[in-house]
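Chemist: What follows is each chain in one-letter form.
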Amino acid sequence: MTEDIVFWVLAVLAVASGVMVFRFDSMARATYALLLSLLCVGGEVLLLGLDYLGVVIVLMMTIEMALMAVFMVMFMMNPAGLMPMSMLHNKKGAAVICTTVFAALATGILLARWPARRGRPPTDPTMSLGMSLMGPQMLTMVTLGMALFATIVSTVVLSTRRGRYDRFGDDLRTRPADDPVPGGGGR
Amino acid sequence: MPDAAPLWATVILPVALVSVAVVTAGFDAVLSAAAVRGRPGSPREVGTWAAAPLREAFRLLAQQPRRTIAADVALGRIGVVLVPVAAVLAGAVLPLGFRPVSDPAVGIVWFNAMEALAWAAVWLTGWGPNSALSLIGGYRFLAQGLAYELPHMFAITTAALGAGSLRVGEVVAAQDGLWFAVWMPVAFLVYLLSAMAMSFWGPFGHPLGRDTAGGAAMELSGVDRLVLLGGRWLLMVVTAAVSVPLFLGGGNGPLLPPWAWTLLKTALVLAALVAGRRLLPTLRMERYTEFAWLVLVPATLLQALVVAVVVLNR
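Chain order of the listed sequences is A and B. Our numbering numbers the first residue of the first sequence as 1 and each following residue consecutively. Our numbering numbers the first residue of the second sequence as 1 and each following residue consecutively.
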């Protein structure tokens, strides 16, 4: 009974704040409405008994949304989102894509034959999750990790305006590097 | 295995955290006042100085609130309130002796998640009043988070690795013979640094810096100001207290009962943090970021590697 109530409260809150992401005209409000929605999803996962996943969702999403605020300042045409701005882009395309995806998912939910539970939940779900992710799929995980990391590094390298010749001079011999912000490493 | 604490512990926890915070703030005020006078005061003077934080709290309660134009009141309020709330929620996994309010299997991750909430909250506080200097303060704290969060996470992961569990109770149990601080010194030191950083305190006080007229807290007045600054003390008390089960053996110790050992160790860590504020100058974050990423991240990773090898060989 209590679980039902918690489930529905979190579910309604998650959907409602998800909708509000597109209703707000403030970048900050949209960001934190999205965070609230994701925190509710984390709560639902906790309710399923997957403690580790639930808490990690809360942790990662909070950090992610805060980082979004940093990127907002770095890259937006409207720094810090100080002016009201619409959160809607490509309205028609987005509506078509969303309707299609929603219809496909809803059909799947209604048509699929849901299996009955076999066995019991493990005593330590974190451990079992780690084993099933890292046990047989270790190679996949390692490759994936490297690919993600390489993507991050190459994106930063491609997007930065200053290259090594700007920093170290034409013969790459200037020490310490000529950086606009000194940093504390003493290089 | 530690038992779960009784229900009344849930009520006691915030009260206990607030009292420890008031005592710590009083201690800090006495040190400040003595430094200004250049000599230790008489017992009566010390009493007056120690009560200064309480007097300030009552003054703020009665203060007329100040408003700014076109403020985002909702977001600002959420940010202010979230700081103490996140601190108390993070304290839920804190064992007093051996009995925390709640000891979930993923206690360490929970603690970290609540810290991250406080991190996001300070940005909201800076954003709320629609004021340039307070916004700068908020962004400074985000930059600070980028510097301290990674080494901090590696440090607490190392403690979990040493115990083979994310449950705070089991981390304490694993330190029955030898404290983690002894054979994970790098992780412990990094934890202490980040404890100061996440309570934006002392050398890491740039987000509320004087050069921005108080930064994120600049426009706050009255109850709002009390809640944010009090929440900061709570954050500091909680992070200091969590270092005890993670690195200092929790309630383990001879003669005294476990709760007394926990209090004693927490008091020592808090004293170290208060001293750290006096000994170190305020750090600019671009400097600390480079140090954190080039020195602290590799150092904590090496520490984790050493611990992992020891654990695998056990």
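Please note that a few of the clues may not be correct.
[Said to hold, decoys possible] According to the in silico footprint, chain A covers these stretches of chain B (three or more CB under 8 Å from chain A):
{"hint": "1", "region": "108–117"}
{"hint": "2", "region": "121–128"}
{"hint": "3", "region": "143–153"}
[What the hints assert, rightly or not] Derived contacts from chain B toward chain A, CB cut-off under 8 Å, selection only:
{"hint": "4", "residue": "Ile69"}
{"hint": "5", "residue": "Ala71"}
{"hint": "6", "residue": "Val73"}
{"hint": "7", "residue": "Pro104"}
Please keep in mind that the hints were generated in silico from the structure rather than gathered at the bench. Just so you know, even glycine gets a beta-carbon here, dropped at the ideal spot from N, CA and C.
Chemist: Each hint needs a verdict: does it hold in this structure or not?
Modeler: Hint by hint, here is what the structure shows:
no.	hint	verdict
1	108–117	holds (count 6)
2	121–128	holds (count 3)
3	143–153	holds (count 4)
4	Ile69	violated, 13 Å
5	Ala71	violated, 12 Å
6	Val73	violated, 12 Å
7	Pro104	holds, 6 Å
Going through the hint list in order, the structure does not satisfy hints 4, 5, 6.
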